[in-house]
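*Asks:* Chains as they are written, first to last, in this note's numbering: chain L, 1 to 194; chain H, 1001 to 1157.
Certain hints may be false.
List of simulated lysine-lysine pairs, DSSO-like, C-alpha gap at most 30 Å [said to hold, decoys possible]:
hint	chain 1	residue 1	chain 2	residue 2
1	H	LYS1043	L	LYS104
2	L	LYS104	H	LYS1005
3	H	LYS1005	H	LYS1043
4	H	LYS1057	H	LYS1043
5	H	LYS1005	H	LYS1057
Only some residues are given here: those of chain H computed to face chain L with a beta carbon under 10 Å [said to hold, decoys possible]:
hint	residue
6	GLU1040
7	TYR1042
8	ARG1048
9	ARG1131
10	ARG1134
Honestly, the hints are just simulated from the structure, not real lab data. All C-beta atoms, glycine included, are put in the ideal place defined by N, C-alpha and C.
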Amino acid sequence: MAGNLSCPHCSQPLPINLFVPGHPGQCPACHSQVEAYIFPEFDRDPPSRLGIHLAQEHEAVCYFHSRFRAMTPCDNCGRFLCQICAIGVGSRQLCPECLSQLRKQRNEMGLVYYAPLFDNVALFLVLAPLVTVFFWFFTILAAPVSLFVSFYYWSRQWNLLPRSRLRFVIAILVCLLLIAFWAFVIYYAVTHWR
Amino acid sequence: MPYTKISNGGLLMTLIPGLRTKLYLGTDHLLLIEQLILVERYKRFYFRDIQVITATKSTRWIVFGAIWGFLALLSALLFLVHNPVAVAMGTFFTALFGLAFVHNISLGPTCIVRLRTAVQTHRVAPLERIRDFRQGIATIEPLIRAAQLADQPLLEP
């Protein structure tokens, strides 16, 4: 048995035979109901050690470790890799450098790990001063900036899954209203100053 | 890469901007999307790596039910004030908190779901209603088992 299961409530070890998929078992220590789905990977023994072999004179060596025997090429750049450097991602084996580079590329959908939400930025810029009430006058600056962000990132916004442009639309409408309001205030102030 | 939605974290999380977590099903992994106001982070759990998924009942739905119910009752007190503005506000807030109360009860009991791999244990917030968990696990479990049985090395005689 490779792993052991502990109660999520009290962290006491739980006997594995307590669990049948779909039926909760009771922790013997804290009596909380725990439903567990145990998969074959749980029982699998971890590899005892990495298969690192020093390269013989006639053998190809790892690009990063010149003393280790190359086991596989990188599926992106083709560099020879030892077992330490070959990183399995899905069905591919990548070197650390390629992994680092590919994580930044949007077309690498299996690797990308974050996306900025510019629609939320635009909405936040324009709504935050209004919500705080005391800083509402900052909208004179925030509204044009938010309007610019909305239009600039309208087609540049990228997410792993399709995302509605509703927030952009709301931000643009609020910005236009605020800009109209400030234009009116400035016009009124200038015409009634004299 | 096609993704199928498993859960989007519920109505409350949908309404609160920037605190959403969503769970999607990919071809060989689960995709957990965590949104933190201005950034969306993607976490992938490959089927072949998942060891255990656990769910333990939690009292969160009772706590939320009590909060929404108390706020609805508190708002209903505004009906006692003989003022049209107070009555209008009372109607609005009683309806708002009453709906939240009914919605919370209708979703059913909550649970805490954890997904364990060889190197991490991660909480899966989008499945933290018993009903969502059961529906989600009915979809996920056969895929994980199939992926892990396919990966198993053949036993030598």
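*Asks:* Determine for every hint whether it applies to the structure shown.
*Replies:* Against the structure, the hints come out as follows:
| no. | hint | in the structure |
| --- | --- | --- |
| 1 | LYS1043/H to LYS104/L | holds (15 Å) |
| 2 | LYS104/L to LYS1005/H | holds (24 Å) |
| 3 | LYS1005/H to LYS1043/H | holds (15 Å) |
| 4 | LYS1057/H to LYS1043/H | holds (24 Å) |
| 5 | LYS1005/H to LYS1057/H | holds (24 Å) |
| 6 | GLU1040 | holds (5 Å) |
| 7 | TYR1042 | holds (5 Å) |
| 8 | ARG1048 | holds (7 Å) |
| 9 | ARG1131 | violated (13 Å) |
| 10 | ARG1134 | holds (8 Å) |
The structure fails hint 9 only (numbered hints given earlier).
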